[in-house]
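In the order they appear, the protein sequences are chains A and B. Taking my numbering, I'd label the letters of the first sequence as residues 1 to 364. Taking my numbering, I'd label the letters of the second sequence as residues 1001 to 1066.
Since the hints were made in silico from the structure, they are not lab data. Source: prediction; values computed, not measured. Virtual Cβ for every residue (Gly too), placed ideally from N, Cα, C. Please note that a few of the clues may not be correct.
Unchecked claim - Among chain A residues calculated to face chain B with C-beta under 7 Å, some are: (1) Leu-84; (2) Phe-260; (3) Ile-261; (4) Thr-305; (5) Pro-306; (6) Thr-313; (7) Leu-317; (8) Val-330; (9) Val-335.
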Amino acid sequence: MKAEVISEQQGISIVLLFILGNALIISIGAQAKSDIWLAVLIAIGMAIPVLTLYARLHYLLPGMDLFDILQYGFGSVIGRITGLIYVWFAFHLGSRVLRNFGEFIITVGLEETPQLLPISILAILCLWCVKEGLEVLGRFSNFFTRFVVIMVLGTSLLLLTEVDFSNLSPFLYHGMAPVTTAAFKILTFPFTETVIFTMVFSNFQKKSSPYKIYLIGLILGGLILFITITNEVLVLGSELYETSYFPGYRAVQRINIRNFIQRLEILAGVTFLISGFVQLSICLLATCKGLAKVLNFDDYRFIVTPTTFLMVTMSILIYNSIIEMNRWAVEIWPVYAAPFQLGIPVVLWLACELKMKLKGEYPA
Amino acid sequence: MFILLVLAYLLVGCAEVFLWETKDIRKIGLFGTLLIGSLILSALMLLGVDIPSPTGFFEKLILSLS
Chain A
1 MKAEVISEQQ GISIVLLFIL GNALIISIGA QAKSDIWLAV LIAIGMAIPV
51 LTLYARLHYL LPGMDLFDIL QYGFGSVIGR ITGLIYVWFA FHLGSRVLRN
101 FGEFIITVGL EETPQLLPIS ILAILCLWCV KEGLEVLGRF SNFFTRFVVI
151 MVLGTSLLLL TEVDFSNLSP FLYHGMAPVT TAAFKILTFP FTETVIFTMV
201 FSNFQKKSSP YKIYLIGLIL GGLILFITIT NEVLVLGSEL YETSYFPGYR
251 AVQRINIRNF IQRLEILAGV TFLISGFVQL SICLLATCKG LAKVLNFDDY
301 RFIVTPTTFL MVTMSILIYN SIIEMNRWAV EIWPVYAAPF QLGIPVVLWL
351 ACELKMKLKG EYPA
Chain B
1001 MFILLVLAYL LVGCAEVFLW ETKDIRKIGL FGTLLIGSLI LSALMLLGVD
1051 IPSPTGFFEK LILSLS
């Protein structure tokens, strides 16, 4: 398989956009109510050691992606089976992102349009991007990150006139329990979804690059998410934030400065489109790369087209309604994703460290 | 409509394989399997067959555990 090398800046941009992806529009960690800002900060803190672990795997075994590392750590047979499970995870996550995008378009804009249409258009764009490879996606992300960051921070600034600080009180009224539960949910969606990058990244410019890419990407993405979510709760209030399907969009709708600067919700749509595109492309890339690796093929590009078709079909089948979609994101996903994002990587890391120590292959 | 769907898949599949530089039989096999899988699911959806959500199993499992 041809080695695809991306620069640190490109890697950070991809991680940042991936983290923002779905999290920008869906209400996450709503059960923490007015303490959601604290839940986001705790989640960032919890994510740092997990992402350091992902970076450590790359540092220990340079030039390898998760599928190679699984075979190194667990042996060929168990490694391949676990690899297949991860292929499913990436495929499922991609289908979720695609469906969220479809629901978003149908709910806020094109009510009469069949959902298959916006989903197919985005999927075809991602198909093209994935066929071009990770380097192209890196350049795309590098260029559009500035645009996304300016738009997110700009809309947050414009919302200052609508902010009501009483929405953040009372502080810890229900105690720490809902805050920690919400923090765990925010940890699994979106922060440790970055486990997908261990399937995509394999070659870095420098040996220290994995740490920089994962951690700087996490901190920047986390801070932007913190600003956005806190702003949404300040504007909408915790009740409306919890009951809205797309609170980010709803909050931006309120921008109205002297009847001149208004109707900026289209910016929220474009931001989600860009970050969702990156997130979906990464999921598609991970699925194709994983399937090709597990089945011993030297290239992944030949299966991108049928995998995209399957992902589109799966995204339609996956939920019956937007209510089910939201329930999955809030209730089921954290439990479902935890073994993929936390359990298996920890066991794999221990296996690799032990194996390397016993073989005397420890990196200098 | 069903025939159109099959034709569209056939066209995409043949065009893609035709453009490959090396036509490895294993690659064609995997490509075909995935494409046919997608075609079957799309056709069932088109015919209005009620297909249970593939993630429903995980949902039931997680809810029964919690």
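Which constraints among the numbered hints does this structure fail? Numbers only, ascending. 1, 2, 3, 8
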